[in-house]
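Undergrad: Quick mapping for you: the protein sequence lines, in order, are chains A and B. Quick note on the numbering used here: the first sequence kicks off at 963 and runs consecutively. Quick note on the numbering used here: the second sequence kicks off at 404 and runs consecutively.
No lab work stands behind these hints: they were computed from the structure. Check before you lean on any hint, since a few could be wrong.
Here are a few chain B residues that sit away from chain A, every Cβ distance over 10 Å (derived from the structure) [unchecked claim]:
no. : residue
1   : Gly-461
2   : Thr-464
3   : Asp-475
4   : Leu-487
5   : Ala-512
6   : Glu-533
7   : Val-614
8   : Cys-632
9   : Glu-639
10  : Leu-643
11  : Gln-649
One side only, chain A facing chain B, incomplete, derived with CB under 7 Å [as the list claims (entries may be wrong)]:
no. : residue
12  : Asp-1118
13  : Ser-1125
14  : Gly-1127
15  : Ala-1128
C-beta: ideal position from N, C-alpha, C; glycine also.
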Amino acid sequence: MRHPLPRRSGKGLARGIPTLLSVASAFVLWEAYVRLSGISALVLPPPSRVLDQIVQNRALLWDNTLPTLHATFAGFALSLSVAFTLSVVLDFLPRLRKALFPIFVISQTLPLVAIAPLVVLWFGFELTPKVLLVALVTFFPMLVALVDGYASTDPDIEALMRSMGATRGQVFRAARFPSAMPYFFAGLRISITYAVVAAIFAEYVGARAGLGIVILNAKNSFRPDLMLAAVVISSLLTLALFGAAALLQRIVLRWRNPEGRA
Amino acid sequence: MSYLSLQDVSLSLGDTAILDRVSMSLDKGEFVSVLGPSGAGKSTILRVLTGSLAAQSGTITCAGQPLARRNDRFAFMPQRDALLPWRRVIDNLTLGLEVQGMTRKAARARVMPHLAEFGLDGFERHYPAELSGGMRQRAALLRTVVQERAVQLLDEPFGALDALTRLQMQRWFEQRWQDARWTTLLITHDVREAVALSDRIYVLSRRPARVIADIPVPLPRPRLARAPCAKAHALEAQILDILLHQTGE
Ligand SMILES: Nc1ncnc2c1ncn2[C@@H]1O[C@H](COP(=O)(O)OP(=O)(O)O)[C@@H](O)[C@H]1O
Ligand SMILES: [Mg+2]
Chain A
963 MRHPLPRRSG KGLARGIPTL LSVASAFVLW EAYVRLSGIS ALVLPPPSRV
1013 LDQIVQNRAL LWDNTLPTLH ATFAGFALSL SVAFTLSVVL DFLPRLRKAL
1063 FPIFVISQTL PLVAIAPLVV LWFGFELTPK VLLVALVTFF PMLVALVDGY
1113 ASTDPDIEAL MRSMGATRGQ VFRAARFPSA MPYFFAGLRI SITYAVVAAI
1163 FAEYVGARAG LGIVILNAKN SFRPDLMLAA VVISSLLTLA LFGAAALLQR
1213 IVLRWRNPEG RA
Chain B
404 MSYLSLQDVS LSLGDTAILD RVSMSLDKGE FVSVLGPSGA GKSTILRVLT
454 GSLAAQSGTI TCAGQPLARR NDRFAFMPQR DALLPWRRVI DNLTLGLEVQ
504 GMTRKAARAR VMPHLAEFGL DGFERHYPAE LSGGMRQRAA LLRTVVQERA
554 VQLLDEPFGA LDALTRLQMQ RWFEQRWQDA RWTTLLITHD VREAVALSDR
604 IYVLSRRPAR VIADIPVPLP RPRLARAPCA KAHALEAQIL DILLHQTGE
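The following block holds chain A by itself, in its conformation from the complex:
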């Protein structure tokens, strides 16, 4: 019973067109405003000038993007492994889950603005504090997503597996873990948008290199055009990571939209 479904990729592109159009028209309006009002480029540089800065400073931007990416990935890898390990432990020990969960919630209420300088003070200007801050910010959405995802498992499926004689571990692997995947990807997409921001903020507070440092230096030398150039790069970075997560989700959750079967 295969339904003739339309090709997804074509539909995806078509859905992107309104977004592209509105972004493009925002830039056009911005450019027009700057030119017509005669506002100083030191206050509000036009998008053409920001683009020009990106091209001119491409070596600088590239050299400083790498440390940011490095911190983002390392922090993400750390928080992902800790969140996953902990989620499994908590799934098998519901009492511990009830005891620890409030602590994780509290970890989320700590304002990044106040925590970042402290973490930099304690761990220095190298990679460690950035990794820790990225991990702190991304850890909780993924942990909650996994824990909620396990709980969403269809009780009929669990009852069926137990009737087959499945152990708790078998039920986890065959039913609870796959049930959590849609939730996990929702959490992952939220986390990813926080990750780059957290890395840049940690750099801004204290680092030797990175997009945060580019922004800081540009601010100190009254260069809003260069600041905005770095901002554009960081958004592109976030978008790329978001896209990678969405792609991974399409592959892992193929069973939900199985029309493109192998």
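Guided by the hints, dock chain B with the ligands onto chain A, whose structure is given.
TA: Quick look at chain B with the ligands alone, frame taken from chain A:
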């Protein structure tokens, strides 16, 4: 000496009494159906047998022993098919065998020869979301019987099938049962199906479920290969009468 027996099993959920001193016994190899109005508590009986609900009182024994926590005699087909949506059809069919320790390869070898008669050949690499309701139910039935457990607990296994497929699957099941002689407890609300397949029929009252009739079906087999006889019609009428009388109370 009955093989599977429930004695005075009672169960309430919250303030709702669901099972009221239900007693049943099945001989080894016997085919028994449970008929009852919808919402009576039929599925609940299977939930108690498979250990996902605990009875508040009463005893259940299988082969003379109280039920073990991990029971290796029962194969259970839930009312909703409970296919795992992230597993391809073939991997759903082998689930029980793999859980019980068989290698994936051996489990597939056991399942593959049955795909055609279950109308699933060519669909083994599909995901459950791509199957029709009838195909899903056939997959769930195959997943159950392929475990070759001594006791088959089937919750309305033919309910979602169209009339023709239902007859085909019932025939297939009767044949397999005649060879394998599984002790079978079949939940159904279809009187004709119960008469066509069972050695004996328990009729349940409305909730809280009590056993209100225990009706032997002494008809020759195979029954589904030919048109139902007059005696079958008489039995159907008798059971319908019991059920209707019950609902009219
Ligand atoms: N958690 C619950 N609390 C109270 N009543 C319940 C609960 N779960 C199911 N029931 C009731 O139990 C009755 C029996 O359900 P079930 O065994 O599924 O009936 P059926 O005979 O249709 O298979 C139903 O009337 C249902 O409303
Ligand atoms: Mg039911």
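Undergrad: Hints first: check each against the structure and report whether it holds.
TA: For each hint, the structure was consulted:
| no. | hint | in the structure |
| --- | --- | --- |
| 1 | Gly-461 | holds, 20 Å |
| 2 | Thr-464 | holds, 18 Å |
| 3 | Asp-475 | violated, 6 Å |
| 4 | Leu-487 | violated, 6 Å |
| 5 | Ala-512 | holds, 19 Å |
| 6 | Glu-533 | violated, 5 Å |
| 7 | Val-614 | holds, 23 Å |
| 8 | Cys-632 | holds, 36 Å |
| 9 | Glu-639 | holds, 31 Å |
| 10 | Leu-643 | holds, 30 Å |
| 11 | Gln-649 | holds, 28 Å |
| 12 | Asp-1118 | holds, 4 Å |
| 13 | Ser-1125 | holds, 4 Å |
| 14 | Gly-1127 | holds, 5 Å |
| 15 | Ala-1128 | holds, 5 Å |
In this structure, the hints that do not hold are numbers 3, 4 and 6, in rising order.
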